[in-house]
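**Q** Chains as they are written, first to last, in the numbering used here: chain A, 5 to 289; chain B, 5 to 289; chain C, 5 to 289.
Incorrect hints may have been included.
Each pair may be met inside one copy or between any two copies, as identical chains are not told apart.
[What the hints assert, rightly or not] In silico PhoX-like pairs for lysine-lysine, Cα to Cα no more than 25 Å straight-line:
hint	residue 1	residue 2
1	K83	K142
2	K98	K142
3	K142	K237
4	K142	K212
5	K98	K24
6	K24	K193
7	K24	K83
8	K98	K237
9	K169	K212
10	K142	K184
Calculated from the structure, these hints are not laboratory results.
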Amino acid sequence: MNPRFLPLKVKNTSQKPPNKVVTLTTDYGERDGFVGAVKGVLLSFCSETQLIDITHQISAFNVEEAAFVFYSAAPFFPKGTIHLVVVDPGVGGKRRPIAVRTTRGIYVGPDNGVFSWVYANEQKVEVLHLNQRRFFLKRVSATFHGRDLFASVVGYLLQGVSLEKMGTPIRDYVRFPISKVKRRGRSLKGAIIHVDHFGNAITNITEKDLQHLASPRRMTVRVGGIEIRGIQKTFSSVERMQPIVYIGGSGNLEIAIREGNAAQEIGVRLGDSINVETSPLFGVC
Amino acid sequence: MNPRFLPLKVKNTSQKPPNKVVTLTTDYGERDGFVGAVKGVLLSFCSETQLIDITHQISAFNVEEAAFVFYSAAPFFPKGTIHLVVVDPGVGGKRRPIAVRTTRGIYVGPDNGVFSWVYANEQKVEVLHLNQRRFFLKRVSATFHGRDLFASVVGYLLQGVSLEKMGTPIRDYVRFPISKVKRRGRSLKGAIIHVDHFGNAITNITEKDLQHLASPRRMTVRVGGIEIRGIQKTFSSVERMQPIVYIGGSGNLEIAIREGNAAQEIGVRLGDSINVETSPLFGVC
Amino acid sequence: MNPRFLPLKVKNTSQKPPNKVVTLTTDYGERDGFVGAVKGVLLSFCSETQLIDITHQISAFNVEEAAFVFYSAAPFFPKGTIHLVVVDPGVGGKRRPIAVRTTRGIYVGPDNGVFSWVYANEQKVEVLHLNQRRFFLKRVSATFHGRDLFASVVGYLLQGVSLEKMGTPIRDYVRFPISKVKRRGRSLKGAIIHVDHFGNAITNITEKDLQHLASPRRMTVRVGGIEIRGIQKTFSSVERMQPIVYIGGSGNLEIAIREGNAAQEIGVRLGDSINVETSPLFGVC
Numbered sequence: 005m006n007p008r009f010l011p012l013k014v015k016n017t018s019q020k021p022p023n024k025v026v027t028l029t030t031d032y033g034e035r036d037g038f039v040g041a042v043k044g045v046l047l048s049f050c051s052e053t054q055l056i057d058i059t060h061q062i063s064a065f066n067v068e069e070a071a072f073v074f075y076s077a078a079p080f081f082p083k084g085t086i087h088l089v090v091v092d093p094g095v096g097g098k099r100r101p102i103a104v105r106t107t108r109g110i111y112v113g114p115d116n117g118v119f120s121w122v123y124a125n126e127q128k129v130e131v132l133h134l135n136q137r138r139f140f141l142k143r144v145s146a147t148f149h150g151r152d153l154f155a156s157v158v159g160y161l162l163q164g165v166s167l168e169k170m171g172t173p174i175r176d177y178v179r180f181p182i183s184k185v186k187r188r189g190r191s192l193k194g195a196i197i198h199v200d201h202f203g204n205a206i207t208n209i210t211e212k213d214l215q216h217l218a219s220p221r222r223m224t225v226r227v228g229g230i231e232i233r234g235i236q237k238t239f240s241s242v243e244r245m246q247p248i249v250y251i252g253g254s255g256n257l258e259i260a261i262r263e264g265n266a267a268q269e270i271g272v273r274l275g276d277s278i279n280v281e282t283s284p285l286f287g288v289c
Numbered sequence: 005m006n007p008r009f010l011p012l013k014v015k016n017t018s019q020k021p022p023n024k025v026v027t028l029t030t031d032y033g034e035r036d037g038f039v040g041a042v043k044g045v046l047l048s049f050c051s052e053t054q055l056i057d058i059t060h061q062i063s064a065f066n067v068e069e070a071a072f073v074f075y076s077a078a079p080f081f082p083k084g085t086i087h088l089v090v091v092d093p094g095v096g097g098k099r100r101p102i103a104v105r106t107t108r109g110i111y112v113g114p115d116n117g118v119f120s121w122v123y124a125n126e127q128k129v130e131v132l133h134l135n136q137r138r139f140f141l142k143r144v145s146a147t148f149h150g151r152d153l154f155a156s157v158v159g160y161l162l163q164g165v166s167l168e169k170m171g172t173p174i175r176d177y178v179r180f181p182i183s184k185v186k187r188r189g190r191s192l193k194g195a196i197i198h199v200d201h202f203g204n205a206i207t208n209i210t211e212k213d214l215q216h217l218a219s220p221r222r223m224t225v226r227v228g229g230i231e232i233r234g235i236q237k238t239f240s241s242v243e244r245m246q247p248i249v250y251i252g253g254s255g256n257l258e259i260a261i262r263e264g265n266a267a268q269e270i271g272v273r274l275g276d277s278i279n280v281e282t283s284p285l286f287g288v289c
Numbered sequence: 005m006n007p008r009f010l011p012l013k014v015k016n017t018s019q020k021p022p023n024k025v026v027t028l029t030t031d032y033g034e035r036d037g038f039v040g041a042v043k044g045v046l047l048s049f050c051s052e053t054q055l056i057d058i059t060h061q062i063s064a065f066n067v068e069e070a071a072f073v074f075y076s077a078a079p080f081f082p083k084g085t086i087h088l089v090v091v092d093p094g095v096g097g098k099r100r101p102i103a104v105r106t107t108r109g110i111y112v113g114p115d116n117g118v119f120s121w122v123y124a125n126e127q128k129v130e131v132l133h134l135n136q137r138r139f140f141l142k143r144v145s146a147t148f149h150g151r152d153l154f155a156s157v158v159g160y161l162l163q164g165v166s167l168e169k170m171g172t173p174i175r176d177y178v179r180f181p182i183s184k185v186k187r188r189g190r191s192l193k194g195a196i197i198h199v200d201h202f203g204n205a206i207t208n209i210t211e212k213d214l215q216h217l218a219s220p221r222r223m224t225v226r227v228g229g230i231e232i233r234g235i236q237k238t239f240s241s242v243e244r245m246q247p248i249v250y251i252g253g254s255g256n257l258e259i260a261i262r263e264g265n266a267a268q269e270i271g272v273r274l275g276d277s278i279n280v281e282t283s284p285l286f287g288v289c
């Protein structure tokens, strides 16, 4: 996340400690009682918790998608927020339950790389293996650790139990590489790391990557078999239903169709490569 | 909205000011971090805010749909509620960010007509152009004003900053006409203004429009190529899977299939015309 | 629900009475203003209510699905929680509005069997017919009792009005039979009672039903035309994309594909029968 997009430092006018805010990110969907059961456990510990859904529509078992989506919202929450992230294909197996503490907040979930963006972006990262069963529910089912283990640990955090009592520090936590942009002369090669609800394609190329390349007008972007000239500031710089490249809300380069759906109309997909090149000088005014 | 459907006047037993309630209506969907980021900003200003989603499933860029859907719920909230509505195809362009204050609440969003139902239904409407950048986030992205501009303004409202400090009164705000019913003798011509989750078609014809027409039993409704006799009081007045016309929860005439889906089975659609006529006298008992 | 999965008894550290928690389960979907209007009414009574959505994606008019889904989450909420469940094909007709009080909480909704799991699982069940119109909104529409009747009753409960003032005890409330497992010698015949978001099939066979049958390794499950050997403890006991039978988070026997979708890949459906048999002794080590 681009730190420049972070909220203003605002004085907290609330009387309660800020750590009553808990966000939830899962692949549980919204048709069943899963999310409700997790929230029921949390409220049984502290009925005043401020519960915020980031999303429950992560594709089933897709840890990388969860890692990106939750972290596109997490940095905007107040300091001390607890983020519960449960996309957990290894539930009941050998993967460790962990909690991550940084200067910004506490992150609770499985040790499967879902906190890779936290590790890459935050300071004073401490990771604890949650191995103290007395802080889980009395009986832990083999398939629903979101409710029986993770929600319970967050519940004790809300009640003021220190993280140290609940686990042991580890250093060999799982992280996957945040995909990196390749630079070759005056061109960049990146990838699409997320396609959002509007069909906009978000790339791993940040504003900073582009800084020393050329003026935005002189850049050409190649993606999904098409070529788009210039990097624009706002959607209104192009006509409706025309493709546009711009710096999006996360500080990364994005490809969209103005008031259209680029995923459907250009066919851009997660993982597609994208090239940014400096156009030759002819024709520049 | 039919004011008769408004909640009872209830004594507020809460110790907090009622303006801690904020509703959200957007076309952001629920798969990404967009809604979470907006809520994170709001909670950074006031972690005790009562955040209520009206919907995030407005069709992308559909301002008219947003205008109707949010206003089918908004009048039921306590006085002083802040309604944040961000369906904003012109984001980053010339459209103005505005706040609307009435005797019922405060409405914050883009000046694109999304508050047309507010203007048509509420008293003491004041509209302000939000032009004081110091009340936005430090950096405002060109594509995510919901987070960087509108949520920030609402945050300052929650902290007690007066609206006057954040903007300048305007009178030339954008509004679209709330579609009107045409009367010809003893018949009415209206239109379908919304098709809901159940496939029920909501029209712009209100109970009041029908009052001087005839007895409900003697009216005939023509819509989507079919003819339905009589306006009923409850679903149980017809057999299962039969079409029915009735006054719905918003005080407007609706067409449904009892325990079925009228949009699928009759094929009624947004914008379709509907005729209500007084049946000839034969056959009336 | 298996009581062993219930949360730990935790000391409530909140200053407020626990009955400020209200859950909502409906078939209203999330595209319209219906859920928002219900919440607006509730907050008009008490703006500090802790509102928790269980789901609004119950299939339209499906009372049995609502009964199961809401009750897979409800027992995890703190004592005194109010559960509002509105899946109500008979709205406006003769079905009675009711409130159910037990040692665990209060349940408000239509008398159509939606509380059958409550009746089957909880103690000291009292059911009241909500027949005091002065506790409804001033005007009650014929089609939206969730907002005009049920939310209003819950609002008065939140304000401390006793249930006795709002209704009259009844004993002839509607309940449907919670489907029962048939035992024949060393085999069981059950049914699939829910298919969840992951495509996992949840059966009515509980862990207790299996206790006296055989060792889990020696059981064979027949469902949807296939045969699965052994009941496993965790997903990691089988390879990816292989079928697996296990005791799920609700304490019931479930069928899944590890990291896949059993509903799609095996074709299991709501209502399908399932057989559990003790395998012959050969080959057991």
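**Q** Check K98 against K142 for me: Cα-Cα at most 25 Å, and say if that holds within a copy, between copies, both or neither.
**A** Within one copy only: 20 Å inside a chain, 44 Å across chains, cut-off 25 Å.
**Q** Between the shortest in-copy and the shortest cross-copy C-alpha distance, which are at most 25 Å for K169 and K212: within, between, both, or neither?
**A** Close neither inside one copy (41 Å) nor across copies (35 Å); limit 25 Å.
**Q** Between copies, within a copy, both or neither: which fits K142 and K212 at Cα up to 25 Å?
**A** Classified as between; 18 Å across copies, 49 Å inside a copy.
**Q** Between the shortest in-copy and the shortest cross-copy C-alpha distance, which are at most 25 Å for K98 and K237: within, between, both, or neither?
**A** between (47 Å within a copy, 13 Å between copies)
**Q** As a check of your reading, is K98 near K24 (CA-CA no more than 25 Å) within one copy, between copies, both or neither?
**A** Result: close neither inside a copy nor across copies, 31 Å intra and 39 Å inter.
**Q** Is it within, between, both or neither when you check K142 against K184 at 25 Å Cα-Cα?
**A** neither (44 Å within a copy, 27 Å between copies)
**Q** 25 Å Cα cut-off: does K142 pair with K237 within a copy, between copies, both or neither?
**A** Close across copies (17 Å), not inside one copy (55 Å); limit 25 Å.
**Q** Cα distance capped at 25 Å. Does K24 pair with K83 within a copy, between copies, both, or neither?
**A** For K24 and K83, the Cα distance is within 25 Å both inside one copy (11 Å) and across copies (20 Å).
**Q** For K83 vs K142, is the C-alpha pair at or below 25 Å within one copy, between two copies, both, or neither?
**A** For K83 and K142, only the inter-copy Cα distance (18 Å) is at most 25 Å; the intra-copy one is 31 Å.
**Q** Please sort K24 with K193 into within, between, both or neither, judging by C-alpha distance up to 25 Å.
**A** Neither: 42 Å inside a chain and 47 Å across chains, both beyond 25 Å.
Of the numbered hints given earlier, the model fails hints 5, 6, 9, 10; all others are met.
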